[in-house]
Every structure is written in C-alpha cells, then in structure tokens.
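K.L.:
Residue numbers (the numbering used here), protein chains in the order written: chain V, 1 to 558; chain H, 1 to 558.
In case anyone wonders, no lab produced these hints; they're calculated from the structure. Incorrect hints may appear among the rest.
You can't tell identical chains apart in this list, so a pair holds if it fits in one copy or across any two.
As the list claims (entries may be wrong) - With a cut-off of at most 25 Å between alpha-carbon atoms, the simulated DSS-like pairs for lysine-lysine come out as follows:
| # | residue 1 | residue 2 |
| --- | --- | --- |
| 1 | K477 | K495 |
| 2 | K120 | K170 |
| 3 | K151 | K320 |
| 4 | K169 | K214 |
| 5 | K540 | K144 |
| 6 | K427 | K517 |
The model shown is predicted, which means the values in this text are computed figures rather than measured ones.
For reference, the chains in residue letters:
2 protein chains.
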Amino acid sequence: MDIKSIQKELKAQKLSGRIFTLGNLFIGEDILPEENRICELTGFTGSYALLFVTPAKAYLFVDGRYELQAKKEVNLRRIEIVKLSEISFCSWLKNNFAKSSARIAYNPWIISLSTLNGLKKLLPAAEFIPAANAGRLLSPKPVKVFTHQKKFTGQVSKDKLAQFAAHIKKCGLDAFLVTSAASTSWLLNLRSNALPYTPVFRAYVLVEKNGAYKVFAENTDYETALPFAKLAEILPRYAKLGADFCSTPAAIAGFAPQLADTADAVAAMKAVKNPTELKGMRNAHLRDGVALTKFLFWLSKNYKGKTETEVAEKLLAFRKKELNFYSESFAAIAGFGANAAVVHYHADEKSAAVLKKNAVLLLDSGGQYYDGTTDVTRTIALGEPSADMTEKNTLVLKAHIALASAVFPQQTSGSELDLIARQPLLKQGLDYEHGTGHGVGFFSDVHEGPARISVHAKNSAPLAAGMVTSIEPGYYKENAFGIRIENLYTVKPAKNPKYLHFEVLTLAPIDKKLINKYMLTTEELTWLNRYHRQVFLSLKKYLTRQELEWLREACAPL
Amino acid sequence: MDIKSIQKELKAQKLSGRIFTLGNLFIGEDILPEENRICELTGFTGSYALLFVTPAKAYLFVDGRYELQAKKEVNLRRIEIVKLSEISFCSWLKNNFAKSSARIAYNPWIISLSTLNGLKKLLPAAEFIPAANAGRLLSPKPVKVFTHQKKFTGQVSKDKLAQFAAHIKKCGLDAFLVTSAASTSWLLNLRSNALPYTPVFRAYVLVEKNGAYKVFAENTDYETALPFAKLAEILPRYAKLGADFCSTPAAIAGFAPQLADTADAVAAMKAVKNPTELKGMRNAHLRDGVALTKFLFWLSKNYKGKTETEVAEKLLAFRKKELNFYSESFAAIAGFGANAAVVHYHADEKSAAVLKKNAVLLLDSGGQYYDGTTDVTRTIALGEPSADMTEKNTLVLKAHIALASAVFPQQTSGSELDLIARQPLLKQGLDYEHGTGHGVGFFSDVHEGPARISVHAKNSAPLAAGMVTSIEPGYYKENAFGIRIENLYTVKPAKNPKYLHFEVLTLAPIDKKLINKYMLTTEELTWLNRYHRQVFLSLKKYLTRQELEWLREACAPL
Numbered sequence: 001m002d003i004k005s006i007q008k009e010l011k012a013q014k015l016s017g018r019i020f021t022l023g024n025l026f027i028g029e030d031i032l033p034e035e036n037r038i039c040e041l042t043g044f045t046g047s048y049a050l051l052f053v054t055p056a057k058a059y060l061f062v063d064g065r066y067e068l069q070a071k072k073e074v075n076l077r078r079i080e081i082v083k084l085s086e087i088s089f090c091s092w093l094k095n096n097f098a099k100s101s102a103r104i105a106y107n108p109w110i111i112s113l114s115t116l117n118g119l120k121k122l123l124p125a126a127e128f129i130p131a132a133n134a135g136r137l138l139s140p141k142p143v144k145v146f147t148h149q150k151k152f153t154g155q156v157s158k159d160k161l162a163q164f165a166a167h168i169k170k171c172g173l174d175a176f177l178v179t180s181a182a183s184t185s186w187l188l189n190l191r192s193n194a195l196p197y198t199p200v201f202r203a204y205v206l207v208e209k210n211g212a213y214k215v216f217a218e219n220t221d222y223e224t225a226l227p228f229a230k231l232a233e234i235l236p237r238y239a240k241l242g243a244d245f246c247s248t249p250a251a252i253a254g255f256a257p258q259l260a261d262t263a264d265a266v267a268a269m270k271a272v273k274n275p276t277e278l279k280g281m282r283n284a285h286l287r288d289g290v291a292l293t294k295f296l297f298w299l300s301k302n303y304k305g306k307t308e309t310e311v312a313e314k315l316l317a318f319r320k321k322e323l324n325f326y327s328e329s330f331a332a333i334a335g336f337g338a339n340a341a342v343v344h345y346h347a348d349e350k351s352a353a354v355l356k357k358n359a360v361l362l363l364d365s366g367g368q369y370y371d372g373t374t375d376v377t378r379t380i381a382l383g384e385p386s387a388d389m390t391e392k393n394t395l396v397l398k399a400h401i402a403l404a405s406a407v408f409p410q411q412t413s414g415s416e417l418d419l420i421a422r423q424p425l426l427k428q429g430l431d432y433e434h435g436t437g438h439g440v441g442f443f444s445d446v447h448e449g450p451a452r453i454s455v456h457a458k459n460s461a462p463l464a465a466g467m468v469t470s471i472e473p474g475y476y477k478e479n480a481f482g483i484r485i486e487n488l489y490t491v492k493p494a495k496n497p498k499y500l501h502f503e504v505l506t507l508a509p510i511d512k513k514l515i516n517k518y519m520l521t522t523e524e525l526t527w528l529n530r531y532h533r534q535v536f537l538s539l540k541k542y543l544t545r546q547e548l549e550w551l552r553e554a555c556a557p558l
Numbered sequence: 001m002d003i004k005s006i007q008k009e010l011k012a013q014k015l016s017g018r019i020f021t022l023g024n025l026f027i028g029e030d031i032l033p034e035e036n037r038i039c040e041l042t043g044f045t046g047s048y049a050l051l052f053v054t055p056a057k058a059y060l061f062v063d064g065r066y067e068l069q070a071k072k073e074v075n076l077r078r079i080e081i082v083k084l085s086e087i088s089f090c091s092w093l094k095n096n097f098a099k100s101s102a103r104i105a106y107n108p109w110i111i112s113l114s115t116l117n118g119l120k121k122l123l124p125a126a127e128f129i130p131a132a133n134a135g136r137l138l139s140p141k142p143v144k145v146f147t148h149q150k151k152f153t154g155q156v157s158k159d160k161l162a163q164f165a166a167h168i169k170k171c172g173l174d175a176f177l178v179t180s181a182a183s184t185s186w187l188l189n190l191r192s193n194a195l196p197y198t199p200v201f202r203a204y205v206l207v208e209k210n211g212a213y214k215v216f217a218e219n220t221d222y223e224t225a226l227p228f229a230k231l232a233e234i235l236p237r238y239a240k241l242g243a244d245f246c247s248t249p250a251a252i253a254g255f256a257p258q259l260a261d262t263a264d265a266v267a268a269m270k271a272v273k274n275p276t277e278l279k280g281m282r283n284a285h286l287r288d289g290v291a292l293t294k295f296l297f298w299l300s301k302n303y304k305g306k307t308e309t310e311v312a313e314k315l316l317a318f319r320k321k322e323l324n325f326y327s328e329s330f331a332a333i334a335g336f337g338a339n340a341a342v343v344h345y346h347a348d349e350k351s352a353a354v355l356k357k358n359a360v361l362l363l364d365s366g367g368q369y370y371d372g373t374t375d376v377t378r379t380i381a382l383g384e385p386s387a388d389m390t391e392k393n394t395l396v397l398k399a400h401i402a403l404a405s406a407v408f409p410q411q412t413s414g415s416e417l418d419l420i421a422r423q424p425l426l427k428q429g430l431d432y433e434h435g436t437g438h439g440v441g442f443f444s445d446v447h448e449g450p451a452r453i454s455v456h457a458k459n460s461a462p463l464a465a466g467m468v469t470s471i472e473p474g475y476y477k478e479n480a481f482g483i484r485i486e487n488l489y490t491v492k493p494a495k496n497p498k499y500l501h502f503e504v505l506t507l508a509p510i511d512k513k514l515i516n517k518y519m520l521t522t523e524e525l526t527w528l529n530r531y532h533r534q535v536f537l538s539l540k541k542y543l544t545r546q547e548l549e550w551l552r553e554a555c556a557p558l
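Work out the full structure: start from the sequences and follow the hints.
P.N.:
What follows is the structure in structure tokens.
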C-alpha cells in the first residue's frame with residue numbers, strides 16, 4: 001500500500017478520506033513493523049500516530065513526544081504534520097467534515113468499536129464505510145506460545161477463570177469476549193514470542209459464565225486455538241455477550257449485533273498485583289538495578305567515542321546476565337545531547353550520535369523478567385553539565401519527589417495526581433508534553449491500564465493498592481538537551497488505610513552531578529538521601545569492588 | 001409535619017420510605033428556616049443533609065462538616081445519624097432496598113430530575129411515588145425585588161439575554177427554562193430580599209430562542225411574574241424545551257415530557273466575571289479587608305469575656321460601615337476553642353462560648369456588597385497558642401500556599417487541583433473532611449458552580465480565567481480546636497497563556513503567632529511575606545493610627 005494508490009481508490013469510490021490508526025486487531029497494543037501501515041505509508045516509526053488520507057492530501061497526527069521525530073522522518077511535501085498538542089483529531093475532523101455529508105473509510109479490524117461510535121457521534125452527517133482492502137490482520141511469522149509458570153504468577157489460570165466467570169455471571173452476561181492480548185495472556189497464564197518486547201500471547205478468549213472458554217489465535221503453535229473467522233459462527237450463539245468496546249474491533253459487532261459494551265474486568269484484575277507478583281517485581285527490580293548500576297559504572301569510564309546504539313547494547317548485555325531475564329521491555333532509548341529532546345527518540349545504527357563530554361545522556365530502558373517487568377529512565381551527565389542542565393534536572397527531580405512522596409485518598413485517579421508532579425516545573429514556566437506515569441504489567445505490557453497519571457488524558461480510573469506505576473516527569477529543550485527521571489512504584493495503603501502512597505521498586509542512583517542541592521527543600525533532600533541509601537544497601541552485595549566504590553560515591557548523601 | 005405522622009402515612013400507603021432533601025423548588029440553593037423540612041422534622045440546622053424516613057425509623061445523612069453538630073442537635077433515640085464520610089446515600093439505599101420492590105415517596109417540587117433519575121437507575125425494581133402532601137413551596141413572606149445596577153453588573157440584562165438566546169438557538173432548542181435562582185438573577189440583573197444572606201431573586205425565567213422571556217415567581221412585588229402553576233399551561237407550547245435537570249424539580253417534567261436535559265449555560269456565563277465585576281470584586285475585597293482588619297485590631301484588645309456571638313456582631317458592625325455593604329454573605333461562624341472543630345459551627349446567643357486566652361478563634365465570614373461578594377476565614381490566637389495549634393496552623397498555611405501558588409493548564413478541573421493543597425497535611429497523616437474551594441458569585445450565591453475544588457466530589461468542570469474561587473484548607477481536632485485559612489482568588493492566565501494561576505482578592509493578615517517559620521520553605525515564607533506586604537500597602541490608608549501600627553506589626557516579614 002502507498003498513499004497514491006489509496007488516494008486513487010478514494011477517488012474511484014467517491015470517498016472523502018480514510019482513517020488509519022496504528023494497530024492491528026489488538027487495537028492499542030504493540031504491533032510488529034510488518035503490521036504498521038502508518039509506517040508503510042509515511043515512514044513515521046513512532047509508537048503513536050493517526051493518519052488521515054484525503055484524495056488530495058495526507059495528514060499525520062502526532063503528540064508532543066513525536067513532533068520532532070515526525071518532522072525528521074516523513075516527506076513534508078506530501079504529508080502534513082498536525083500537532084495533537086494544538087488540535088485534537090476529533091476537533092480537526094469536525095472543522096473539516098462537520099458540515100458536509102462526508103464518506104469516510106476505515107479498517108474494521110483495526111479501529112475499535114468505541115472509536116467508531118465516537119466518530120459517528122462526532123460527525124452525525126457522515127457515512128463511515130468499512131474499507132474493502134483491509135489487508136492482512138497479523139504478521140504471518142509463526143508464533144511459539146509458552147506457559148507462564150505458577151511460581152511466577154502466584155495463581156493458576158483455572159482460579160483466574162473461575163473468578164472472571166463469577167464476574168460475568170454477576171454482570172448478567174452469558175459470555176465475555178476478551179479482546180486484549182494482555183488480558184488473555186494474564187487470564188490463561190500464557191505468553192508468546194510474537195513481539196520483540198512484550199511477551200503477550202496475541203489471542204482472544206471467549207469465556208462463558210460457567211468458566212468454559214475458547215481461544216482464538218492464528219499462526220501459533222497453540223493447538224486448540226480457533227481462527228478469528230470462527231467468531232462469525234460462534235458469537236451469535238450467546239444471547240447476552242459482553243466485550244470492551246475500547247479494545248474490540250468494529251468488525252466484531254458485525255458478527256454479534258447483540259454485543260454489550262462492558263469494561264474488561266480482567267484488565268482491572270491483572271492491574272492489582274498479587275503477593276507473588278509483587279515479590280517477583282521487587283526481585284526483578286533488584287536484579288535490574290544491579291545490571292543498570294554495573295552499566296552506569298562502565299559508562300562512566302567508557303562513554304567517550306561510543307555511539308548511542310552501542311551504549312544501549314552494552315546495557316542489554318548487562319541485563320542478559322541477570323536471572324529470569326527474557327527481553328528488553330521496549331527498545332531502549334539512548335538519547336545524547338539534542339537527541340534527548342526528542343521524547344521517544346530511537347537511534348539507528350547509521351545515524352546514532354557519538355557520546356562526548358559536557359553533555360547529558362538520557363537513557364530510558366527496561367527488562368522483561370519472568371518474575372517482573374521494569375522501566376527506568378536516568379539522565380546522566382557526561383563530563384561537566386551546564387548550569388542550565390543542572391537547574392532543569394533539579395526541577396525534574398523536585399517534580400519526581402513531589403509525586404513519589406504524595407499521600408492520597410482511596411479512589412484518587414491519576415489525573416488528580418498529575419499536577420502535584422508538574423508544580424515545580426510549571427512555577428518556572430516549564431512543562432513536559434507527556435503523561436507523568438503509566439501502569440506497568442507483570443511480564444507483560446510495559447504500558448498497562450486502566451489507571452494512568454495524566455492531566456491531559458482525563459482518566460477517571462482510580463489507583464489501587466497493588467498496582468504498579470511509573471513516575472516520570474521530564475523537561476525537553478529543543479535542539480539542546482532532554483531530561484527525564486523515571487522510577488516504578490507500587491501503590492500501598494498509607495498508615496491510615498483510607499489513604500494510599502507509593503513505595504519505590506526501581507533501584508539505581510540518580511546522577512548527583514546534575515543536582516543543585518540548594519534548590520531542594522530539606523524534605524526533598526531527605527527523600528533523595530534516603531533513596532540513595534536504599535539503593536546502596538540493596539545493591540552492594542552484587543557488585544565488584546570497583547563498582548561498589550563507584551556506587552558508594554554515587555549514593556553518598558548530598 | 002413530624003416524623004410520627006409521616007410514618008403513619010407511610011404505613012397507611014404501604015410505602016417503604018420517604019426521602020427528604022434539604023431544599024425548595026430552587027433545589028440546591030439557600031432555603032429559609034420556614035422552608036426547612038429536615039429541621040422541622042429532626043431539629044438539625046446544618047446547611048446539608050438527607051433524611052430517609054421508614055415506617056419504623058428515621059435516618060439522617062450528614063457529611064464530615066456536620067457529624068458533630070448533628071449528634072448535638074437531634075434526638076439520637078429516634079433518629080440514626082449516618083455519616084456520608086463512611087457510606088454514600090446511594091450505597092446505603094442500595095444495601096437496604098436493592099433486592100426488594102420498594103415503594104419510595106419523594107417530594108416532586110424539591111427533588112431534582114437528575115436526582116430522581118439517578119435513584120431510579122440505582123433501584124430499578126423500586127417504585128418512586130410523588131408524595132401527596134408536598135406542602136408549601138416557598139415561604140409566604142412578601143419579597144421585594146430590585147435592580148442590580150449597570151454600574152455594578154457591567155452588562156445590561158438585554159445583552160445577557162441576547163447572548164443566552166443565541167446559545168439556545170445553537171443548541172437547537174425553542175426555549176430554555178432557567179430554574180436556578182442565581183442564574184435568573186444574573187440574567188435579569190435582579191435581586192431580592194427573600195433570603196437573609198444571598199440576595200437572589202427566587203424566580204424561574206423561561207427564555208425563548210428569539211430572546212423573549214417570561215418570569216415565574218410568587219409572593220414578590222415583581223409585577224409581571226406569573227405563578228409557578230402557569231408552567232403547566234405554558235411549557236407544553238415548546239416542542240424543543242431545555243432545562244438543567246440538576247436544578248429542575250421532578251414536578252416540571254410532569255408538565256413538559258418533552259423536556260431535554262441541557263446544562264444551564266447561564267451558570268457558566270455568570271461564573272466568568274466581566275471586567276466591571278472583577279474590578280468591583282477587588283474594591284469590595286479592599287473594603288472588606290479594612291473592616292476585618294479594624295475588627296482584628298479591636299479583637300486583640302477586647303476579646304476577653306466576649307462571647308462568640310458578640311464578636312460576630314462586632315465584625316458585622318465594622319462591615320456595615322463600608323460603602324456598598326448590603327448584608328453578610330452567610331451567617332458568620334465564630335468558633336472558639338473546641339467549637340471550632342465543628343466545621344460549620346453556629347453559636348446561638350444562649351450557648352455561645354466566652355472567649356478566653358490561650359486558645360484559638362476560628363472566624364469564617366463574608367459580606368455581600370453591591371459590587372462584590374466576600375468570604376474569608378482567619379484563625380486567631382488569643383493569648384499564647386499551644387505548640388500543637390501552631391504546628392497544625394502552619395501545616396494548613398502550607399496547604400493554602402501550595403494551591404494559591406499553583407500553575408495549571410487550561411481545562412484543569414478542581415478535582416485535579418485539590419490534592420496539591422492537601423499534601424502538607426496528608427504527609428503528616430492529617431486531612432480535612434471538606435472541599436478545598438468553591439466558586440463565589442457576584443452579589444449573589446457565596447457558593448457558586450460549576451467549578452469546585454474537591455477531590456471527594458469528582459467535578460470535571462474546568463476552572464477558567466475570570467472565575468472567583470475560595471482556597472480554604474483546614475484542620476479540626478475534635479473536642480480541642482479548629483483551624484481554617486481561607487482567601488478568595490480570581491483565576492488568571494499565567495505568563496504563558498496556555499496556563500492559569502490564582503490572583504488573591506482577600507486582604508487581611510494571617511495570624512503570625514500561629515506560624516512556625518521553621519516549618520516553611522523559603523518559597524512559602526516568601527509567599528507569606530509578599531502577601532502581608534500587599535495587605536499592608538493596600539489597607540494602610542484606611543486605618544486609624546493605632547490600627548495602622550497594629551497592622552504594620554501583623555504584616556511585618558517573618
């Protein structure tokens with residue numbers, strides 16, 4: 001597919017435009033390069049975008065993280081970049097198509113029912129037409145499925161299914177179609193090698209109220225899986241069938257007009273980690289901290305002349321030595337100097353920058369371990385940072401501490417916490433164009449719902465004890481440098497159990513060379529020194545003598 | 001009416017229970033004592049409560065502000081107090097009536113359509129029956145209506161009506177029934193003496209899309225007003241009629257089944273003050289600050305032996321001397337010692353406590369001026385406060401400053417700001433059981449929607465430039481003391497107009513005797529000293545020499 005052939009087709013069918021979302025039949029989750037139609041059409045490689053092609057033009061919608069990257073990657077003569085920080089896709093559609101009786105094509109296997117319903121409500125005069133050339137659903141690459149063992153999961157699939165079936169019954173449904181790969185994977189304690197970073201089994205599971213279930217998947221060695229086409233035959237059997245419209249392709253409603261929009265309760269169940277999962281998370285973070293600390297020591301001695309790609313590979317090599325390591329949890333971001341101002345920058349081997357002194361390296365990375373998932377960002381001064389870098393890094397640290405040490409009532413949503421983190425930056429007229437935190441799965445998706453710490457995406461899902469979330473404020477100065485400080489935390493009851501607070505999981509030093517201690521309050525300084533003491537005491541027995549001496553210095557109180 | 005006769009009636013009609021809400025046909029707004037059926041039935045005088053009477057029992061639901069007060073005021077043998085901080089009214093109803101096919105009576109002129117619809121959804125098996133003995137709608141006391149002059153309002157009613165009519169048209173409606181007294185009053189630039197503290201004209205106004213309008217009111221000297229009964233005849237004339245179900249009695253839907261639930265746009269229009277209103281607000285706050293400061297000076301010399309009631313009267317006497325003063329904006333709360341722990345305490349002349357040294361007085365009061373409305377709380381040390389009082393007051397001050405100095409994006413709602421204020425308290429395991437702030441009307445209701453700074457009441461209405469809000473964190477130690485520090489602020493664009501911040505309106509010293517400066521950060525101390533400098537410079541020319549010397553000391557930097 002290319003934009004010209006799509007435009008030809010639009011003209012032939014008298015269509016006003018066609019919407020492309022970045023996804024496959026698992027909607028919002030990770031996709032493989034061969035499934036990325038937006039990249040195929042535009043060259044844009046970021047993890048989020050929308051594309052709208054009209055007979056005459058193409059518009060690529062990107063958020064704050066990707067504005068710079070999109071400018072670099074796409075052909076700006078043929079594709080217009082629209083900044084989602086300036087106009088939402090919905091407002092843009094409304095501005096352009098509200099008055100006409102537009103005919104808009106979409107891919108029914110890739111667009112969710114909730115998105116389609118939203119678009120229909122937005123443009124009541126428009127006609128939405130399933131595109132004829134929907135293309136391949138999933139990569140044809142054969143997939144190996146494997147069991148996620150009880151010693152890691154803490155709960156067998158049978159129990160999870162029984163618990164979920166009871167919920168289905170309580171909702172008055174006959175069955176529920178789980179369409180999220182992460183939910184399916186958690187429920188069945190299955191994982192697969194389909195994706196490079198997220199070990200989920202990309203399957204649907206149809207669960208009946210009595211606990212019986214059927215799995216739908218393709219190109220896998222999971223023998224009893226049915227092909228997706230079978231849904232057309234099976235779904236009509238249930239008078240009362242639920243599915244979460246946010247993760248269910250519009251095509252499904254074609255087979256099951258009786259489908260009722262019901263929140264994916266598995267997503268809520270899996271977001272609250274059980275004691276085995278939490279213990280695993282702590283252990284995985286300890287090992288991940290060891291790997292990252294060994295790397296940081298190595299980096300301090302060896303950065304000169306290395307490329308961004310090379311340091312990311314070195315970090316991976318350290319992680320690979322750790323117990324239970326499976327893969328990175330996403331492609332590590334190593335952004336040097338001005339590259340770090342591109343929020344989700346990815347170096348390629350050819351263009352990767354060479355590290356030099358007197359600049360900062362932003363390193364956002366994580367690991368999938370069988371007993372947990374990590375995600376950590378450190379910003380590291382190479383040589384002597386400028387006063388500006390130190391000031392901004394200290395503000396980002398203040399932002400991080402403000403939220404990391406917050407106490408909040410039960411039922412608080414992430415959007416009610418986000419501005420606590422942003423205050424130190426906003427008061428200086430600074431901000432960052434991304435959320436402050438996201439949920440993290442367990443040997444699963446590194447971005448997990450339902451909760452999310454963001455004031456931009458108004459999310460009312462409350463944080464609950466047992467959830468794992470990142471806290472990752474940042475600051476990005478275009479063409480200069482980028483800063484982000486990210487730890488993962490579990491949500492725990494506070495002393496008074498009506499309230500919750502965060503307990504840190506991530507164990508790795510925060511670069512003191514980038515901290516101006518005179519900008520910290522006593523409380524903030526205490527937080528930092530305590531955190532460093534915890535890092536040192538946790539990691540010290542896993543390091544060589546030289547690494548230990550380096551860490552002792554890195555963690556010494558300010 | 002008394003509870004026994006209601007219970008007799010419930011039995012006769014085979015009803016499961018009857019709901020009483022505190023209101024009249026203007027739903028959530030101020031009511032007169034002779035309209036307060038909950039007080040008539042239970043003796044409870046607080047400004048918010050729900051009463052549910054069953055054939056065998058009566059349950060009074062009160063929030064955190066009124067738990068202590070309710071215990072003191074009602075007969076606990078006959079009435080059970082249910083704490084809304086522990087269970088919501090909805091959860092309680094569901095626990096008790098979800099499984100039965102309950103028959104529940106309500107007063108159709110007092111309960112709003114949105115509340116009734118919510119109850120029907122909550123208890124689908126229940127039957128909701130309009131009570132036969134609805135009783136009198138409004139006090140029979142004759143009401144004088146007067147014009148709020150252009151020099152104060154900045155906009156004539158004709159312009160407001162034209163603006164609103166254009167909105168009605170845009171919504172595709174033929175007419176809109178404004179059922180909020182505050183909205184009617186703002187739209188028509190009319191006020192009345194119906195209520196002691198809120199000068200609103202208690203009327204409905206039906207506005208047609210061409211701008212023509214009809215006023216509905218009773219017992220007033222507004223000559224062209226129609227009686228409410230006329231609605232039954234007039235409303236059916238409009239095919240497309242809107243009303244805000246949150247402020248519209250269920251009875252109205254009986255006359256107009258075509259009624260569409262449409263947000264009261266007047267409420268949003270009036271919440272954003274125009275330049276004349278904002279200038280008036282500033283002037284009114286200056287005069288109010290003069291009155292309060294003169295009072296504080298007087299109090300410092302004369303508190304011994306005075307009762308709570310006497311000091312409230314003295315403060316009123318100072319306000320009465322100020323230009324454009326009309327009335328208090330609510331019955332002043334003067335809570336001495338342990339009384340201040342009752343959040344919305346009201347002394348009566350017989351039981352009012354006598355002020356003594358070495359305790360704190362909490363004083364929450366405000367004025368209605370023709371050019372603005374004020375609402376301010378100061379907590380004042382009489383003699384020497386204890387270390388505990390000083391510590392808690394300093395934490396409350398930190399909470400106040402945290403929010404007062406916040407910067408936040410456009411579209412931020414109050415529930416996304418509330419926890420910024422609570423952090424200094426929550427981190428010490430302390431909290432307050434009320435919201436952090438409320439909108440304030442202009443020579444109108446002192447509690448004004450749509451925005452509200454509260455994490456408990458999930459309110460998604462965004463704060464916008466031109467709104468006026470209180471910031472009023474507190475701390476209450478049962479049987480010991482109570483603390484609250486409240487200022488009003490306008491919402492203003494920050495330097496970067498994508499963001500908003502607060503600008504203070506209230507001008508009165510915050511008692512330094514209750515501040516431990518070593519608990520404040522440099523930033524907080526700077527805020528306090530700057531605020532006091534502004535207070536001193538603003539008020540100094542309106543004071544006697546003695547008052548001036550006192551204020552100079554009260555505002556001297558810490």
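K.L.:
Could you run down the list of hints and mark each one as holding or not?
P.N.:
Going down the list of hints, with the structure as the test:
1. Within a single copy, K477 and K495 get their C-alpha atoms only as close as 40 Å, which misses the 25 Å cut-off; across copies the closest is 18 Å, which meets it.
2. For the homomeric pair K120 and K170, the shortest alpha-carbon distance between copies (20 Å) is at most 25 Å, but the shortest distance inside one copy (31 Å) is not.
3. Within a single copy, K151 and K320 get their C-alpha atoms as close as 21 Å, which meets the 25 Å cut-off; across copies the closest is 75 Å, which misses it.
4. In this assembly of identical chains, the alpha carbons of K169 and K214 lie at most 25 Å apart only when taken from the same copy (17 Å versus 53 Å across copies).
5. In this assembly of identical chains, the alpha carbons of K540 and K144 never lie at most 25 Å apart, being 38 Å within a copy and 80 Å across copies at closest.
6. Both within a single protomer and between protomers do K427 and K517 lie at most 25 Å apart by alpha-carbon distance, with minima of 18 Å and 22 Å respectively.
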